[in-house]
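Using the sequences provided together with the hints, build the complete structure.
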Amino acid sequence: MQARPPDRSAAPAESIMIQSLPLSTDRAPRASSPAGLAAPSTTPAAPVASSAARRRAPVVSAALLALAAVVLAAGSAHAQSAGIPAFTSSPGPNGGTSYSLSVQTLLVLTMLSFLPALLLMMTSFTRIIIVMSLLRQAIGTAATPPNQVLVGLAMFLTFFVMSPVFDRAYRDAYVPFSQGTIGVERAAELGVAPFKQFMLRQTRQSDLAMFARIAHAAPMAGPEDVPLRLLVPAFATSELKTGFQIGFTIFVPFLIIDLVVASVLMSMGMMMVSPATISLPFKLMLFVLVDGWQLLVGSLAQSFGG
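Residue numbers (full-length UniProt numbering): 1 to 306.
If you're looking for bench data, these hints aren't it; they were derived computationally from the structure. Incorrect hints may appear among the rest.
Label pairs and their calculated CB-CB ranges [what the hints assert, rightly or not]:
hint : residue 1 : residue 2 : range
1    : Asp225    : Ala143    : 21 to 31 angstroms
2    : Arg213    : Val288    : 39 to 49 angstroms
3    : Leu115    : Gln148    : 16 to 26 angstroms
4    : Met111    : Ile278    : 51 to 61 angstroms
5    : Ser133    : Asp291    : 14 to 24 angstroms
6    : Gly222    : Ser263    : 51 to 61 angstroms
7    : Ala221    : Asp167    : 25 to 35 angstroms
8    : Val288    : Gln148    : 15 to 25 angstroms
9    : His216    : Thr277    : 50 to 60 angstroms
10   : Arg229    : Met155    : 49 to 59 angstroms
11   : Asp225    : Leu115    : 21 to 31 angstroms
12   : Arg213    : Met271    : 51 to 61 angstroms
13   : Val288    : Gly222    : 42 to 52 angstroms
From a predicted model like this one, the values you see are computed outputs, not experimental measurements. Positions of the beta carbon are idealized from the N, C-alpha and C atoms, including for glycine.
Shown next as structure tokens:
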């Protein structure tokens, strides 16, 4: 008779049971496995503790968030029980209505969310950032100056160009409103007027007529009657066109340098050399020698007509 081979079907179950014992950290380790073997401690205590800490971290975070919510709810209930008004209104001297500071603060915070759109569409920022981006592309430097530098320079140059408009809006609208001599509607009207005049000076009549024709707007007596829903898109379109025109004039000198360098390389038989690599130092040297940044920034500031 041949000896029966040993039955190894139980070995994988024992090994699986033995290897799975150290992973259980919430229960006390058992003395032995079902097969009667002692469970070896193959996992160090430090990784087990770290894994348990990782599992407890979401629970702790949830508890902290719940505690913060309870504190905020308690503070709100205390404010309501103390009689702190959330909305108060009183009749104004000219028949209007003045609201409490909390509502005014809420309105101001709501208006702050529209500041990026106002900065892009109602100021000189669009033209400036387009020209600077085209300048970087014409020189051939992909990421120099970086986007943060270009946006920062365009923003502060926008503040410089728009400073007369900002000063007039502050003097005509905010100062009387803060003194209580005018209401919110009149302050908004006086504050928008300088921006409308600025945009009208920079907007082409063809663009404004196109949007007025699309919107089927009624005939207007004067420029002050143009609504913002027509003026803002017309101004943005005009700024895009002007920015591309200025960018074209900037592109031409650098394009000539690229053509000359490419022709020289072709005549020398160096067809495998990239012309952009050779022309980049010459374009940088030309831009520095003519003091390009001063010319560009000065021309952009003067292009708005003061």
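These are the hints, each one checked on the structure:
1. Asp225 <-> Ala143: 21 to 31 angstroms: 46 angstroms, violated
2. Arg213 <-> Val288: 39 to 49 angstroms: For Val288 against Arg213, whose Cβ atoms are near 47 angstroms apart, the range 39 to 49 angstroms holds.
3. Leu115 <-> Gln148: 16 to 26 angstroms: At roughly 19 angstroms between Cβ atoms, Gln148 and Leu115 fall inside 16 to 26 angstroms, so the hint holds.
4. Met111 <-> Ile278: 51 to 61 angstroms: The hinted range 51 to 61 angstroms holds for Met111 and Ile278, with Cβ atoms some 52 angstroms apart.
5. Ser133 <-> Asp291: 14 to 24 angstroms: The hint (14 to 24 angstroms, Cβ to Cβ) holds, given that Ser133 and Asp291 are roughly 20 angstroms apart.
6. Gly222 <-> Ser263: 51 to 61 angstroms: Holds, since Gly222 and Ser263 (Cβ atoms, about 56 angstroms apart) stay within the stated range.
7. Ala221 <-> Asp167: 25 to 35 angstroms: 28 angstroms, holds
8. Val288 <-> Gln148: 15 to 25 angstroms: Since the Cβ atoms of Val288 and Gln148 sit about 22 angstroms apart, the hinted range of 15 to 25 angstroms holds.
9. His216 <-> Thr277: 50 to 60 angstroms: 55 angstroms, holds
10. Arg229 <-> Met155: 49 to 59 angstroms: Taking Cβ atoms as reference, Arg229 and Met155 lie about 26 angstroms apart, which means the hint is violated.
11. Asp225 <-> Leu115: 21 to 31 angstroms: 26 angstroms, holds
12. Arg213 <-> Met271: 51 to 61 angstroms: With Cβ atoms ~53 angstroms apart, the hint holds.
13. Val288 <-> Gly222: 42 to 52 angstroms: 48 angstroms, holds
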